[in-house]
Amino acid sequence: MKLHEYQSKLIFAKYGIPIPKGRVAATAQEARHIAEELGGRVVIKSQVLVGGRGKAGGIKLAKNPEEAEQLATQILEMEIKSLPVRKVLVDEAAAIESEIYFSITNDRAKKKPVMIASSAGGIEIEEVAAQTPEKIIQIHIDPLLGLRDYQARDLAASIDLPRDHWKEFGRIAQALWQIYHETDATLAEINPLVITKEKKLLALDGKMIIDDNALFRHPDLAEMRDLDEEAPEETTARKYGLSYIKLDGNIGCMVNGAGLAMTSMDIVKLFGGEPANFLDIGGGASHEKVAAAMRIILSDPNVRAILLNIFGGITRCDEVARGILAAMDEVKPKIPMVVRLVGTNAEEGRKLLADAKMITAETLADAAKKAVAAVGKTASTRIPVMQESVVPVGAPPAKNHQKNRSVR
Amino acid sequence: MKLHEYQSKLIFAKYGIPIPKGRVAATAQEARHIAEELGGRVVIKSQVLVGGRGKAGGIKLAKNPEEAEQLATQILEMEIKSLPVRKVLVDEAAAIESEIYFSITNDRAKKKPVMIASSAGGIEIEEVAAQTPEKIIQIHIDPLLGLRDYQARDLAASIDLPRDHWKEFGRIAQALWQIYHETDATLAEINPLVITKEKKLLALDGKMIIDDNALFRHPDLAEMRDLDEEAPEETTARKYGLSYIKLDGNIGCMVNGAGLAMTSMDIVKLFGGEPANFLDIGGGASHEKVAAAMRIILSDPNVRAILLNIFGGITRCDEVARGILAAMDEVKPKIPMVVRLVGTNAEEGRKLLADAKMITAETLADAAKKAVAAVGKTASTRIPVMQESVVPVGAPPAKNHQKNRSVR
Amino acid sequence: MSILVNRNTRVLVQGITGNEGLFHSEQMIQYGTQVAAGVTPGKGGEWVLGGKIPVFDSVKLAMEATGVNTSVIFVPARFAADAMFEATDAGIPLIVCITEGVPVQDMMQVRNYLDQKKVRLVGPNCPGLLTPGESKVGIIPGNIASAGNIGVVSRSGTLTYEVLYALALAGMGASTCVGIGGDPINGTNFIDVLELFEHDPQTEKIVLIGEIGGTDEDRAAEYIAANLTKPVVAFIAGQTAPPGKRMGHAGAIIEGSAGTAADKIKALESAGVKIAKHPEEIPLLLK
Amino acid sequence: MSILVNRNTRVLVQGITGNEGLFHSEQMIQYGTQVAAGVTPGKGGEWVLGGKIPVFDSVKLAMEATGVNTSVIFVPARFAADAMFEATDAGIPLIVCITEGVPVQDMMQVRNYLDQKKVRLVGPNCPGLLTPGESKVGIIPGNIASAGNIGVVSRSGTLTYEVLYALALAGMGASTCVGIGGDPINGTNFIDVLELFEHDPQTEKIVLIGEIGGTDEDRAAEYIAANLTKPVVAFIAGQTAPPGKRMGHAGAIIEGSAGTAADKIKALESAGVKIAKHPEEIPLLLK
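Chains as they are written, first to last, in my numbering: chain A, 1 to 408; chain B, 1 to 408; chain C, 1 to 287; chain D, 1 to 287.
Bear in mind the hints are in silico, worked out from the structure with no lab data behind them.
Check each hint, because a few of them may be wrong.
[Claimed, not checked] The calculated DSS-like cross-link candidates involving lysine-lysine, where the alpha carbons are at most 30 angstroms apart (straight line), are:
hint, chain 1, residue 1, chain 2, residue 2
1, B, Lys-112, D, Lys-60
2, C, Lys-266, C, Lys-230
3, B, Lys-370, D, Lys-277
If you're wondering where the values come from, they're calculated on a predicted model, not measured in any experiment.
Only chain A is shown next, with the shape it has when bound in the complex:
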């Protein structure tokens, strides 16, 4: 779960990392009030959960409260990568002397947290990493021991941080480690961490991602989730423990297991079709879950056929079959459905579905071919079931919305 910049920085401040004075605003008037309180120049920063805000014009400097209001109005009317801006952060402008990149994240290859820093901080850091990797320093942290002070010092020395700042950098590093560890973050990033003209360290921007699997122990963080920032069908999917990502094709896929779901998509494509989504119903899917999954797939108006591929293991095919029947009973889809059930209780599942009007398949390739063929044949428009009840007014058009999401 991604946190907004302003949420991340509030957490930073709680752990003692210095951040600029500032507050979040939902309206231009609020932004003006904050600018008045702060006095002097302020930065107006769009709060959206995508990168590249600056390049898109979502970050502006205002010389006075009037200009702050003006710019906030502009920014609050923007869409950045299809995401409408709903909030701006109004921060005191800092006098920057130099910019440092600093983060802690997981290194899956080394099975350890890694602390990353560079003297070449700022928005071009990825280019720095690609062009001059020697400017990026990585220090791994023993997960049982935690960050040692000497490691923070080594990092400071390695990025040639002036010695006057070592102690403060050490405190910030320990705070960032505590944040990373105590919030179950998979990323805690400060970019840039600036040295100001007043020779202070200041976290100008912050980004945090929390491990979804660990949210059960962080109810306070779970509440920070910004539902405005994700597609409504993804919200519904999460509620039911499903994993759903919308794509641009017309064959809806419902599969158990991420690997098999991806494989099903791959085969649809291999035989000339286009998958409309990734949808993993997970292990041990109950029939409520299956029904929810079907409603989500059908909420996409592009879908012309559904491919159901269930290989029973933890998931029992009879339970899935019951879910399919319940969902069909409720939503009465008018498009072709290709079903393939194999594995645990497959026989019982197939029996349950015997009377429903469905296309059955034996192998995965066979199922994909039949789904592709079905789309070719069907020309009937169908009622976009559930869509009205799922998509709130003012939500972004679903189509391009989550293009850069992935299955992992």
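Dock chains B, C and D against chain A, hints included.
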């Protein structure tokens, strides 16, 4: 540093360990007020930093506020093992079904924290350990990993705790671990942890000892030190970084290093004398420290001679010599002083002392013999220098006060 | 022969009284696996599955009483790390964690601790192990695979079943199938299993099933090129998946642009591995 | 021959710019020890002791530049654990920590971590090591000891000097003197050093100096009885000390009534060790 029961229990409560309702009182009237607030029967418990309070009559049950006042008056007039009672804890009386012993401490042989529990809790636990050691369960904790939940469960199972209490016991165990770890305790003990008639777990008594070496990171705990509970000369000694323990003999000893200090005492005894104290001036003793040490030794009216044995390593003999001269200048002791200096800068040290009226010695045995002989000769009474300024009015007689202290 | 599990494997089921634990314990027993005991704290002394399997309060007690040598974990995600620590400290040499959704920082601690203790972990978030005809430890449906000479190793769950099924339909069997799980931090990896297969006389050919994300397949490719004499066929899922979610700049720095199916396929091909376009093509490439 | 340190020992001083670090670095150099570098974070690039010894910001940098093989730590107690972790992670095989007052929970973490990494620690709160005529690593005054065939191991600080001095006055010399320190949790213990002396050809006889508290001397006695062929003379300090502070009931449970000088002397005597009544008696018992 030992904490009082009431201090320990306040820490317990902060970490979520259930304790009886109650508060500490310094007067009988206060005790009555607390008893009135609590209603019902209360327990009046003397707060002194020694064991065996119960057997000494320092813990009493009161049926009503009047009786609470009466008993508090009695207890506040007591001395327990020479320590006057200055405070009582007034706790709601619990209806006890059974008593558990539960603690976390250091196991120096295994180099790990150890969690200890027994179903035979209460004041006889040491006897249980001696007579029926199989009733005492020990589980070691990996200091890098911390207490695992399964270990708390194993402990609960091993002491045959009824299953209904396992979850609560697990929470208490994790809390006690956090307390032990976060306060740098060397002991965090609940004895007894009771199961009440209402089937709740309740920490009826608590004891904590904090690692003196770690107090630098716990200023809040360091403030909890009860100076009333230690000999004033020990307070002074700690202030100067000295380690001092009063004994019953008449030869004052001032030595650098605990092992050598004990050895000096042993040799004094071997040659027929009686050491008046253990005093380790530590490594790298400055002359202020040495002067303070001498004043502390001379504050004991029994002292008839002083044995100074300094073997220079980190400690430099010339610096010690300067300390001796400064102290002599100030306190002008009238008793014989036997001095032996060897090691780092011993030559310079001896030169500095050449003009002072002192008995010098080459070997440790020689020094001890001379000190014993000097006591035999001296009959002069001496002015008990510093004593008035060091010992506050109302302090306990120093003599028997700290009999059961040791050098480690 | 086979690897990791065989007819002598004596299994402990941690979380045996839960829905999944109970269902799959029964499936394992039906398959012929020696399920010797279960653990559910607070339920020690009970017997489950028709009174055949004793339940203990702790792994230690279960081990003392029944001498198990493998543990399979079905406990909920929030208790999974503790279950792995418990099994490790009790001295179980092989732990198979089926549970999905274990927090990644828990897994980093577990993995680092287990490495110290030289314990082998398979999973978490994995389907477990199957040596057809001998033993099944986990949730792989037993009826879809037959014994043979193909070693199967997979990061995936149900996709693994798909492959076993395709092999069986083609008249081929598996020596052992190892589902290593797809979590970012797990125990046994591709290389560990490839090494075991290379030294297993029964295994003649190997199937490797990978996914997008991470660099495990790339490192497996290097290992294959340098150490393996037995032929390997691979399938990589996720060729049509959109590019991965980036973990901020840090993810880009740590993992670079690696992790796409195309990259992995390229790496494996240069190691001499044949790549299947879809699972049902695997048996053809094995011939 | 000798144990642990000799003329090839190249020493790094952690905390070299502090008072104690600087003073004792000079003493070590004067003794002939190869002091190759120092570390004080934030002072890298400086030179100390007449411009002869370079100071680095970290142990890693110092090691890369100077190839030290032993580190001696003089940093304040609150930084000592970090210094030991740093030296360990940098790959220093022998760490000698002079610092006293290190919190005991810090030491439990350090000790458990170092054991994983197979690093040898001497101390903390110890006087260090001396191989007379070759190398001194720590704070033992060099001029009080001469080279010889007596191995000395001690939990004490200045008491160790007393013993070395008594040996020298009696015309005896030490092969190596090891001060293991008296803290409740430390690195190298009596048994480790006894084993090294047993296998050191130069060492013919051994002196063991113990104290009240703990059970290290008792375990050393068992080890001596079972494994040692060389004669051992011991002195135990604290015969007149009052009984130890008890760590509540827990202390009594963990350590029982053990730890008195009388107990330790009894244990050592039954292992065939001669007990000196005071340090100056040791040379007589060695004859």
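We went through each hint and held it up to the structure:
1. B/Lys-112 / D/Lys-60: 29 angstroms, holds
2. C/Lys-266 / C/Lys-230: Within the cut-off at roughly 19 angstroms; holds.
3. B/Lys-370 / D/Lys-277: 18 angstroms, holds
Hint check: no violations occur; every hint is consistent with the structure.
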